[in-house]
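Trainee: Take a look at the letters that make up each chain.
2 protein chains.
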Amino acid sequence: MFMKERLDEFYEMLKIDRKKSPWSRENSFESRFEELRKEIEEVGVALKNDDMKNFEEEIGDCLWDLLFLIVIAEEKGLFTGRDVVEGSIAKLKRRKPWIFEGEAVKSVEEEIELWNRAKRELEGRGGI
Amino acid sequence: MFMKERLDEFYEMLKIDRKKSPWSRENSFESRFEELRKEIEEVGVALKNDDMKNFEEEIGDCLWDLLFLIVIAEEKGLFTGRDVVEGSIAKLKRRKPWIFEGEAVKSVEEEIELWNRAKRELEGRGGI
Chain A
407 MFMKERLDEF YEMLKIDRKK SPWSRENSFE SRFEELRKEI EEVGVALKND
457 DMKNFEEEIG DCLWDLLFLI VIAEEKGLFT GRDVVEGSIA KLKRRKPWIF
507 EGEAVKSVEE EIELWNRAKR ELEGRGGI
Chain B
407 MFMKERLDEF YEMLKIDRKK SPWSRENSFE SRFEELRKEI EEVGVALKND
457 DMKNFEEEIG DCLWDLLFLI VIAEEKGLFT GRDVVEGSIA KLKRRKPWIF
507 EGEAVKSVEE EIELWNRAKR ELEGRGGI
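Note that the protein sequences, when read in sequence, are chains A and B.
Residue numbers in the first sequence follow the numbering used here, run continuously in steps of one, and reach 534 at the last position.
Residue numbers in the second sequence follow the numbering used here, run continuously in steps of one, and reach 534 at the last position.
If we strip away everything but chain A, and leave its shape as in the complex, we get (with noise of 0.2 angstroms):
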């Protein structure tokens, strides 16, 4: 398995330092987001460097990041990390059906074709 616990575990630490850090407490989605920008910008100096070991530790960074903003939505009762992986799940099967149900694709662009009639479809539906 992959991130099983420790996730979980970060998760649980982050509202910690949320709750008792004062630095932490002023930080809004806007201030947040503004570091997140930053750190996504260091994946790709990593990424130009060929710096392998510095691009684990800045999408540790924006991973960080990211749910941070979770614990602050969640703060405010607006939706919970399992929500947004719940919602990507359902938007992955949605977009992309050939794959999740056995389907066969033979190239690049009868995919990207696929891709853009599901969203098509979904978009007339209102869904995603």
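Hints should not be assumed to be uniformly reliable.
It does not matter which identical chain is used: a pair holds within one copy or between any two.
Said to hold, decoys possible - Computed list of lysine-lysine pairs in DSBU-like fashion (alpha-carbon distance at most 35 angstroms, straight line):
| no. | residue 1 | residue 2 |
| --- | --- | --- |
| 1 | Lys425 | Lys482 |
| 2 | Lys426 | Lys512 |
| 3 | Lys482 | Lys454 |
| 4 | Lys512 | Lys454 |
| 5 | Lys512 | Lys525 |
| 6 | Lys482 | Lys512 |
| 7 | Lys426 | Lys525 |
| 8 | Lys525 | Lys425 |
| 9 | Lys425 | Lys444 |
| 10 | Lys454 | Lys421 |
| 11 | Lys512 | Lys499 |
It should be emphasised that the hints constitute simulated quantities derived from the structure, not laboratory data.
Once you have looked at the hints, place chain B on chain A.
Mentor: Using the frame of chain A, we list chain B on its own:
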């Protein structure tokens, strides 16, 4: 609990997608990183518009791209999602010991001073 199991499920789906989808197979660190950058900007737009439903969805899209980068890294034998999360947990503990070892801080200023001190000390030892 937070994302437990669902996050692993999502990650497994992304691995299947990477395996079965010619389009996904075409993805490189570089191309997927560019996607991630676009998604981050969409998080910013949702935030600016105060569209919290869209904000939630765009955070999910960023998570999707971030995990996909990890899928590629795992494929290349570089690192796993578990490595990333464990690295972040260790970093958070080292950088903010006063939060996780029960000390109290009184102000943001005091905390930033402690953060910088921990960072300097760890950097002096070649740590993070």
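Trainee: State for each hint whether it applies.
Mentor: Here's how the hints hold up against the structure:
1. Lys425 - Lys482: Close inside one copy (13 angstroms), not across copies (38 angstroms); limit 35 angstroms.
2. Lys426 - Lys512: between (54 angstroms within a copy, 10 angstroms between copies)
3. Lys482 - Lys454: between (38 angstroms within a copy, 17 angstroms between copies)
4. Lys512 - Lys454: The answer is within: 32 angstroms in one copy meets 35 angstroms, while 41 angstroms across copies does not.
5. Lys512 - Lys525: Result: close within a single copy only, 20 angstroms intra versus 51 angstroms inter.
6. Lys482 - Lys512: Between copies only: 24 angstroms across, 46 angstroms inside.
7. Lys426 - Lys525: Classified as between; 19 angstroms across copies, 43 angstroms inside a copy.
8. Lys525 - Lys425: between (40 angstroms within a copy, 22 angstroms between copies)
9. Lys425 - Lys444: both (24 angstroms within a copy, 31 angstroms between copies)
10. Lys454 - Lys421: Answer is both: 33 angstroms inside a copy and 25 angstroms across each meet the 35 angstroms cutoff.
11. Lys512 - Lys499: within (19 angstroms within a copy, 48 angstroms between copies)
Hint compliance for this structure: no hint is broken.
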